[in-house]
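Enquirer: From just these sequences and the hints, can you work out the full model?
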Amino acid sequence: MNLQKKIKDNVILHYVESKTIIYLRDFGGVIKFYELSFTYFGHHYIVRVKESDLTDGHFWPNVEGDSELYDSFEDACQDYLEKPIKEAISNYKKWEEEE
Numbered sequence: 042m043n044l045q046k047k048i049k050d051n052v053i054l055h056y057v058e059s060k061t062i063i064y065l066r067d068f069g070g071v072i073k074f075y076e077l078s079f080t081y082f083g084h085h086y087i088v089r090v091k092e093s094d095l096t097d098g099h100f101w102p103n104v105e106g107d108s109e110l111y112d113s114f115e116d117a118c119q120d121y122l123e124k125p126i127k128e129a130i131s132n133y134k135k136w137e138e139e140e
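Per this note's numbering, residue 42 is the first one in the sequence shown, and the count goes up by one each step.
Read the hints as simulated data drawn from the structure, not as lab findings. Keep in mind that a hint or two might mislead.
To be verified - Only pairs whose alpha carbons sit at most 35 Å apart, straight line, appear in this in silico DSBU-like list of lysine-lysine:
1) K49 x K91
2) K91 x K135
3) K135 x K46
4) K60 x K135
Claimed, not checked - Ranges between beta-carbon positions, derived for each pair:
5) I72 x S131: 16 to 26 Å
6) Q45 x G70: 31 to 41 Å
7) D107 x E140: 15 to 25 Å
8) H84 x S59: 21 to 31 Å
9) F82 x K127: 19 to 29 Å
10) E140 x D120: 31 to 41 Å
11) W101 x T61: 12 to 22 Å
12) L44 x E105: 16 to 26 Å
13) W101 x N132: 35 to 45 Å
14) E138 x H84: 27 to 37 Å
15) I87 x K49: 28 to 38 Å
Bear in mind the structure is a predicted one, so any value in this text is a computation, not a measurement. Even glycine gets a Cβ: it sits at the ideal position worked out from N, Cα and C.
Expert: Right under this line is the structure:
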């Protein structure tokens, strides 16, 4: 879902999408997660959030991207970006159900 939503002056959420990983050998289960694309002070980052992280009270997003501001962006995800990330995923779920 293409958003292009400005969170703060230098933080833009570009899109959110869902993905599924199927573990056959080790777990025999399925892990659903959401992938969000951000620009943070001109640097690109991908945030992945497992479905279980949204329901069990723990918010531990997986972050990958430019090393220059990585720690700062990771801290932002745990701080002021947690709510916008969860809202974007919630909106995505509603949108996905309508499709």
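Enquirer: Next, verify each hint and record whether it holds.
Expert: Structure-based check of all given hints:
no., hint, in the structure
1, K49 x K91, "holds (24 Å)"
2, K91 x K135, "holds (17 Å)"
3, K135 x K46, "holds (17 Å)"
4, K60 x K135, "holds (16 Å)"
5, I72 x S131: 16 to 26 Å, "holds (19 Å)"
6, Q45 x G70: 31 to 41 Å, "holds (34 Å)"
7, D107 x E140: 15 to 25 Å, "violated (32 Å)"
8, H84 x S59: 21 to 31 Å, "holds (24 Å)"
9, F82 x K127: 19 to 29 Å, "holds (22 Å)"
10, E140 x D120: 31 to 41 Å, "holds (32 Å)"
11, W101 x T61: 12 to 22 Å, "holds (19 Å)"
12, L44 x E105: 16 to 26 Å, "holds (19 Å)"
13, W101 x N132: 35 to 45 Å, "violated (21 Å)"
14, E138 x H84: 27 to 37 Å, "holds (33 Å)"
15, I87 x K49: 28 to 38 Å, "violated (18 Å)"
Of the numbered hints listed earlier, those contradicted by the structure are 7, 13, 15.
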